[in-house]
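*Asks:* Given these sequences and hints, build the entire structure.
Protein chains: 2
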Amino acid sequence: MEYEHFENEEHEWESNLKVTEGVDGPIQVNPKALERLKQNRQQLMPLEWYVDSILKGDRVALSKAITLVESALPKHQELAQKIIAACLPHSGKALRLGITGVPGAGKSTFIEALGMHLCKQGHKLAVLAIDPSSQRSKGSIMGDKTRMEQLSVEPNAYIRPSATAGTLGGVARKTRETIILCEAAGYDTIFVETVGVGQSETAVHSMVDFFLLILISGAGDELQGIKRGIMEMADGIAVNKADGDNVLRANRAAAECRNALHLFPLPESGQETKVTTCSAITGFNIDEVWKMVSDHVDAIRENGYLERKRAQQDVQMMLDTMDSALKNDFYQNPVIEDLLLLVESDVRSKRMSAYVGAQKLLDTYFSLLKKE
Amino acid sequence: MEYEHFENEEHEWESNLKVTEGVDGPIQVNPKALERLKQNRQQLMPLEWYVDSILKGDRVALSKAITLVESALPKHQELAQKIIAACLPHSGKALRLGITGVPGAGKSTFIEALGMHLCKQGHKLAVLAIDPSSQRSKGSIMGDKTRMEQLSVEPNAYIRPSATAGTLGGVARKTRETIILCEAAGYDTIFVETVGVGQSETAVHSMVDFFLLILISGAGDELQGIKRGIMEMADGIAVNKADGDNVLRANRAAAECRNALHLFPLPESGQETKVTTCSAITGFNIDEVWKMVSDHVDAIRENGYLERKRAQQDVQMMLDTMDSALKNDFYQNPVIEDLLLLVESDVRSKRMSAYVGAQKLLDTYFSLLKKE
Numbered sequence: 189m190e191y192e193h194f195e196n197e198e199h200e201w202e203s204n205l206k207v208t209e210g211v212d213g214p215i216q217v218n219p220k221a222l223e224r225l226k227q228n229r230q231q232l233m234p235l236e237w238y239v240d241s242i243l244k245g246d247r248v249a250l251s252k253a254i255t256l257v258e259s260a261l262p263k264h265q266e267l268a269q270k271i272i273a274a275c276l277p278h279s280g281k282a283l284r285l286g287i288t289g290v291p292g293a294g295k296s297t298f299i300e301a302l303g304m305h306l307c308k309q310g311h312k313l314a315v316l317a318i319d320p321s322s323q324r325s326k327g328s329i330m331g332d333k334t335r336m337e338q339l340s341v342e343p344n345a346y347i348r349p350s351a352t353a354g355t356l357g358g359v360a361r362k363t364r365e366t367i368i369l370c371e372a373a374g375y376d377t378i379f380v381e382t383v384g385v386g387q388s389e390t391a392v393h394s395m396v397d398f399f400l401l402i403l404i405s406g407a408g409d410e411l412q413g414i415k416r417g418i419m420e421m422a423d424g425i426a427v428n429k430a431d432g433d434n435v436l437r438a439n440r441a442a443a444e445c446r447n448a449l450h451l452f453p454l455p456e457s458g459q460e461t462k463v464t465t466c467s468a469i470t471g472f473n474i475d476e477v478w479k480m481v482s483d484h485v486d487a488i489r490e491n492g493y494l495e496r497k498r499a500q501q502d503v504q505m506m507l508d509t510m511d512s513a514l515k516n517d518f519y520q521n522p523v524i525e526d527l528l529l530l531v532e533s534d535v536r537s538k539r540m541s542a543y544v545g546a547q548k549l550l551d552t553y554f555s556l557l558k559k560e
Numbered sequence: 189m190e191y192e193h194f195e196n197e198e199h200e201w202e203s204n205l206k207v208t209e210g211v212d213g214p215i216q217v218n219p220k221a222l223e224r225l226k227q228n229r230q231q232l233m234p235l236e237w238y239v240d241s242i243l244k245g246d247r248v249a250l251s252k253a254i255t256l257v258e259s260a261l262p263k264h265q266e267l268a269q270k271i272i273a274a275c276l277p278h279s280g281k282a283l284r285l286g287i288t289g290v291p292g293a294g295k296s297t298f299i300e301a302l303g304m305h306l307c308k309q310g311h312k313l314a315v316l317a318i319d320p321s322s323q324r325s326k327g328s329i330m331g332d333k334t335r336m337e338q339l340s341v342e343p344n345a346y347i348r349p350s351a352t353a354g355t356l357g358g359v360a361r362k363t364r365e366t367i368i369l370c371e372a373a374g375y376d377t378i379f380v381e382t383v384g385v386g387q388s389e390t391a392v393h394s395m396v397d398f399f400l401l402i403l404i405s406g407a408g409d410e411l412q413g414i415k416r417g418i419m420e421m422a423d424g425i426a427v428n429k430a431d432g433d434n435v436l437r438a439n440r441a442a443a444e445c446r447n448a449l450h451l452f453p454l455p456e457s458g459q460e461t462k463v464t465t466c467s468a469i470t471g472f473n474i475d476e477v478w479k480m481v482s483d484h485v486d487a488i489r490e491n492g493y494l495e496r497k498r499a500q501q502d503v504q505m506m507l508d509t510m511d512s513a514l515k516n517d518f519y520q521n522p523v524i525e526d527l528l529l530l531v532e533s534d535v536r537s538k539r540m541s542a543y544v545g546a547q548k549l550l551d552t553y554f555s556l557l558k559k560e
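Sequences listed follow chains A and B, in order.
Following this note's numbering, the numbering of the first sequence begins with 189 at its first residue and continues without gaps.
Following this note's numbering, the numbering of the second sequence begins with 189 at its first residue and continues without gaps.
Hints may contain errors.
[To be verified] Output of the computed footprint for chain A on chain B, the stretches with three or more beta carbons under 8 Å from beta carbons of chain A:
id	segment
1	269-278
2	534-542
[Claimed, not checked] A few chain B positions that, by computed beta-carbon distances, are all more than 12 Å from chain A:
id	residue
3	D240
4	T255
5	S259
6	K312
7	H450
8	Q459
9	I469
10	D475
11	D486
12	N491
Source of the hints: derived by calculation from the structure; they are not laboratory data.
Given the structure is predicted, the values throughout are model-derived calculations rather than measurements.
Where a beta carbon is used, it is the ideal one built from N, C-alpha and C, also for glycine.
*Replies:* Have a look at this one:
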């Protein structure tokens with residue numbers, strides 16, 4: 189019965205596929221319609237099933253709901269927004285930790301070590317990644333998941349490989365929504381990992397309570413320049429790989445960091461940025477890193493900064509939600525979708541300028557809205 | 189007469205300033221209205237003046253027009269779009285060179301050296317910067333301008349410090365529009381410099397004919413990871429600071445780059461990514477770097493890739509233009525502007541969730557559009 193319903197839906201979509209006259213070939217099938225046809229094959233459950241199962245801590249339901257959050261299909265988005273609205277009152281209680289690091293700093297190993305440390309203490313941990321994929325290379329967080337060997341089989345840990353692509357604003361919104369779902373599912377600690385360097389730090393910073401920077405010793409002069417902007421954002425720094433004959437160098441790097449931080453003004457949080465060495469491989473000082481995080485969060489909860497920060501993050505979430513909604517309403521309008529194909533082809537072949545093309549689409553869109 | 193008109197306009201704006209009841213204090217003045225009031229003090233000239241003067245190569249008119257492109261004020265944007273439309277047929281003939289580099293690579297000195305080399309050959313050069321300013325630190329391109337001592341007084345060079353801030357998409361659109369204006373003003377070579385690391389490379393890549401990466405020797409292992417993504421995008425690499433006792437190290441770094449590049453597939457352009465050493469200080473091989481650029485551009489003009497690339501860039505420009513227009517129409521709607529202040533205050537004080545707030549604003553906006 190359910191299956192039949194799903195089959196019917198598919199046919200409905202198939203008949204909606206628009207075939208338009210192309211320029212470079214005889215016929216073009218609207219690629220977005222094809223994509224929707226593919227996505228539509230996923231079977232949906234009733235809203236209550238998602239919400240009840242998530243609140244019970246069901247990982248399968250959580251994963252399915254996150255997939256809906258990440259989907260571009262309007263009916264998936266609609267359901268996702270309802271699930272989020274229902275989960276919202278049950279969210280907000282977790283400690284949200286953002287983790288970034290230079291390539292080679294051993295971020296995955298560190299997350300595995302700190303994550304296992306927390307799970308052993310009885311914490312429930314969700315590990316998310318923010319990954320605005322570049323044009324040419326796709327993110328490789330799946331590879332990272334398999335590198336977190338212990339954490340990926342730990343019952344109290346939930347690792348979500350990032351499958352989303354798109355603009356940073358869109359990806360940030362989806363990650364914030366995923367945090368809400370994970371918190372409603374009972375995870376009391378959320379790690380948000382940045383993938384790539386320099387692109388997503390600001391976004392992660394805008395959704396966590398503590399932003400941790402992982403460094404290693406031996407960074408060249410040039411790297412210092414790269415780190416500066418990220419160091420400004422960090423609430424704490426862990427110099428990893430303080431093991432074997434690397435301990436002295438790690439200590440020296442930590443001291444250099446402390447010196448550099450003295451040049452910055454005291455952060456808005458009122459808390460000095462702390463620096464510690466650690467080794468994800470031997471487990472050295474992993475507890476100290478966690479103490480640094482939890483002490484800081486306790487302090488900013490006390491001095492009122494946490495509340496102000498989360499309020500600001502809520503406003504940012506509202507702005508991101510509106511930006512996404514405005515774009516979706518435009519690009520998912522079926523008339524615009526088809527017209528875009530034609531105009532794009534005209535712009536590509538220089539028959540129309542980019543500005544005239546944009547204006548034509550915008551005029552059509554706004555006049556459609558008036559008629560609605 | 190002109191002056192009186194301008195005075196009147198100002199008063200008109202002043203009377204439009206909305207005063208709303210705030211939560212945290214008794215009275216709030218809409219900050220966007222204040223900002224507009226300030227921006228509105230700039231006196232506007234007729235469209236023909238801008239276009240005629242730009243086509244004659246007038247630098248003052250060019251600068252004023254770019255200021256309009258960068259302005260957020262609706263009437264400035266309207267005039268800017270008309271100027272661009274009029275300049276568009278006179279654009280597209282320049283060679284557009286994107287320049288990026290790790291911090292400390294001597295980008296400014298390099299631009300000064302290559303720029304002076306080109307001006308002496310009779311080229312007319314415009315140097316632009318793309319700078320999506322981070323939340324905490326503003327870009328410092330003004331500092332760079334003063335470091336380009338010779339170029340900043342060279343009559344054939346036009347250096348435009350980037351004053352824009354905002355989302356990457358918005359900044360990219362404004363830079364593309366500035367390129368059009370510079371080309372219409374007769375500049376046959378455009379440099380677009382990235383400010384910061386990792387954020388704006390993709391945007392610059394999407395608007396230039398050749399993307400040049402400037403490196404120096406002595407980069408640590410970690411830096412290699414950072415470079416990889418950017419190296420993939422580069423059409424050519426210049427290892428700078430090949431002077432004094434650094435020549436051998438620069439040669440070795442160049443050799444390492446060539447080895448690393450062999451691991452990548454041949455770029456879409458069909459041209460291998462070339463690597464050369466140079467010294468911006470001594471002038472060594474600066475001509476070779478330019479030969480690398482112009483040979484590449486000649487080759488992709490020949491094999492048809494340049495045309496395809498620019499067509500793709502035009503489509504991207506159309507999409508960015510539409511995204512900006514959609515956001516502007518929303519955020520510059522006076523009803524939305526005032527409602528946003530109230531809703532934001534409710535979200536900030538937890539009286540309303542971010543989603544409910546976003547939905548309220550979106551519903552208001554779309555019902556306003558229907559009534560128009």
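*Asks:* Now tell me, hint by hint, if it's right for this structure.
*Replies:* The hints, checked one at a time:
no. : hint    : verdict
1   : 269-278 : holds (count 4)
2   : 534-542 : holds (count 6)
3   : D240    : holds, 20 Å
4   : T255    : holds, 19 Å
5   : S259    : holds, 17 Å
6   : K312    : holds, 24 Å
7   : H450    : holds, 17 Å
8   : Q459    : holds, 16 Å
9   : I469    : holds, 17 Å
10  : D475    : holds, 26 Å
11  : D486    : holds, 21 Å
12  : N491    : holds, 18 Å
In summary, the structure agrees with every hint in the numbered list given earlier.
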